[in-house]
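From first to last, the protein sequence lines are chains W and Y.
Counting from 1, one number per residue, gives the positions in the first sequence under the numbering used here.
Counting from 204, one number per residue, gives the positions in the second sequence under the numbering used here.
Calculated from the structure, these hints are not laboratory results.
Beta carbons are placed, not taken as given, at the ideal position from N, Cα and C, and that holds for glycine.
Please note that the accuracy of each hint is not assured.
Reference listing, derived: stretches of chain W covered by chain Y, where coverage requires no fewer than 3 residues with Cβ under 8 Å from a Cβ of chain Y [to be verified]:
{"hint": "1", "segment": "3–16"}
{"hint": "2", "segment": "99–111"}
{"hint": "3", "segment": "129–135"}
{"hint": "4", "segment": "139–145"}
{"hint": "5", "segment": "161–172"}
{"hint": "6", "segment": "189–201"}
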Amino acid sequence: MAPYDVTAWGKGIEVAVSLGIGFSFGFILERAGFGDSRKLASQFYFRDMTVLKVMFTGIVVAMVLLFWAVFLGFVDYGRIFVNPTFLWPGIVGGFILGLGFIVGGYCPGTSLVSAATGKLDGMFFVGGVLLGIFVFGEAAPQFWDFFEGAGEGARATLPEWLGLPTGLVVLGVVLMAVGAFRAAEWAEGLVARRAQRRQDAQP
Amino acid sequence: MKARAERGPAPYINPYLAGTFLGVLLFVSFLVTGHGLGASGGLARMIVWVQDLFVSSHVDANPALATMAGGDANPLDHWLVWAIIGAMAGGFVSGWMGRRLRIETFRGPNISVRARWIAALLGGTLVGFGARMARGCTSGQALSGGAVLSLGSWAFMFSVFAGGYLLAYFVRRLWN
Numbered sequence: 001m002a003p004y005d006v007t008a009w010g011k012g013i014e015v016a017v018s019l020g021i022g023f024s025f026g027f028i029l030e031r032a033g034f035g036d037s038r039k040l041a042s043q044f045y046f047r048d049m050t051v052l053k054v055m056f057t058g059i060v061v062a063m064v065l066l067f068w069a070v071f072l073g074f075v076d077y078g079r080i081f082v083n084p085t086f087l088w089p090g091i092v093g094g095f096i097l098g099l100g101f102i103v104g105g106y107c108p109g110t111s112l113v114s115a116a117t118g119k120l121d122g123m124f125f126v127g128g129v130l131l132g133i134f135v136f137g138e139a140a141p142q143f144w145d146f147f148e149g150a151g152e153g154a155r156a157t158l159p160e161w162l163g164l165p166t167g168l169v170v171l172g173v174v175l176m177a178v179g180a181f182r183a184a185e186w187a188e189g190l191v192a193r194r195a196q197r198r199q200d201a202q203p
Numbered sequence: 204m205k206a207r208a209e210r211g212p213a214p215y216i217n218p219y220l221a222g223t224f225l226g227v228l229l230f231v232s233f234l235v236t237g238h239g240l241g242a243s244g245g246l247a248r249m250i251v252w253v254q255d256l257f258v259s260s261h262v263d264a265n266p267a268l269a270t271m272a273g274g275d276a277n278p279l280d281h282w283l284v285w286a287i288i289g290a291m292a293g294g295f296v297s298g299w300m301g302r303r304l305r306i307e308t309f310r311g312p313n314i315s316v317r318a319r320w321i322a323a324l325l326g327g328t329l330v331g332f333g334a335r336m337a338r339g340c341t342s343g344q345a346l347s348g349g350a351v352l353s354l355g356s357w358a359f360m361f362s363v364f365a366g367g368y369l370l371a372y373f374v375r376r377l378w379n
């Protein structure tokens, strides 16, 4: 039963599978326009909501396929890696990452794709990410207790936290995503009309 | 038929279609490997590898680094590293196919190239630091953890958007 253990198939296979998955990932990100910082930053001015659309579609499609496979008995959810929950380091780190995202115009994965297509701002960003990772590694022992959390680090899922059946939570996430897509389309239209009016008003 | 360069960059694909491909890829990754995607973790391993070359005992004594390169462990011997090498190759091939391979600087209309580079470096530093603190970035936490309904990943995702939207107004000169 899935998930399979690629490490048991030999080093060569494991490397090839990882390279192939990475290749597809980078390819899709670039196709979607994520190698362009202007497009990514536009998300935060409601001009171009591609980030939200791609990300939420990706989450919803993977989630629905995965939990169908679990429901049908093809996949053991207990052996799927669920990022352990360290609530406060995650929230603080996410907030810092969000600040850096709008200042720098990328996140780590998209900056790699940008740099690979020759964009100099992407290369500077990757340099910054490496610097930030280095600084964190050196500084982390200073706030190690915070980073490790108090009694945290367990596998915690939304259905457990909400006390709801998994199927219902999956449905809820799908509905939330559909609502977000509609709101995104509406916001894009609004911003485009406002920009058009401003242009028309100019002599 | 015009020369490749004259035709200009190809348009990007529909975001919902891109998202569907991304979702199928993520599902396949879970199916075959048991884990999702990642980006910042591979970069962290590259940094630790360099540190391990020069100050190996310092790495062993630091709990944030020892998990990747403690003792004889080779931090580069990990799927996260191979995945980001693949991601760069995939981005390159897609850029080549879309006629988007070009040395240039993407920036807002009212900012100089040099200021854009400084902002990219500064923003990247914050992102690198934040991604390590959160144990993952947009790929490894938000996307992968979000799809498997990790509680912490969803909290992280909302926090990323909160940070971005809160600061967006104050740095609008960078992009508008």
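Hint-by-hint comparison with the structure:
1. With 6 residues carrying a beta carbon less than 8 Å from a beta carbon of chain Y, the segment 3–16 of chain W meets the three-residue requirement, and the given coverage holds.
2. Only residues whose C-beta sits within less than 8 Å of a C-beta in chain Y count toward coverage, and the segment 99–111 of chain W has 13 of them, enough to reach three; the restraint holds.
3. A stretch counts as covered by a chain when three or more of its residues have a beta carbon under 8 Å from one of that chain; for the segment 129–135 of chain W and chain Y the count is 7, and the coverage holds.
4. Evaluation of the coverage hint for the segment 139–145 of chain W: fulfilled, as 3 residues show C-beta separations to chain Y shorter than 8 Å, against a requirement of three.
5. Chain Y is given as covering the segment 161–172 of chain W, and this holds because 4 residues of the stretch bring a CB closer than 8 Å to a CB of that chain, at least three being needed.
6. Counting residues of the segment 189–201 of chain W whose C-beta sits closer than 8 Å to any C-beta of chain Y gives 0, which falls short of three, so the coverage hint is violated.
Consistency note: the structure conflicts with earlier hint 6 alone.
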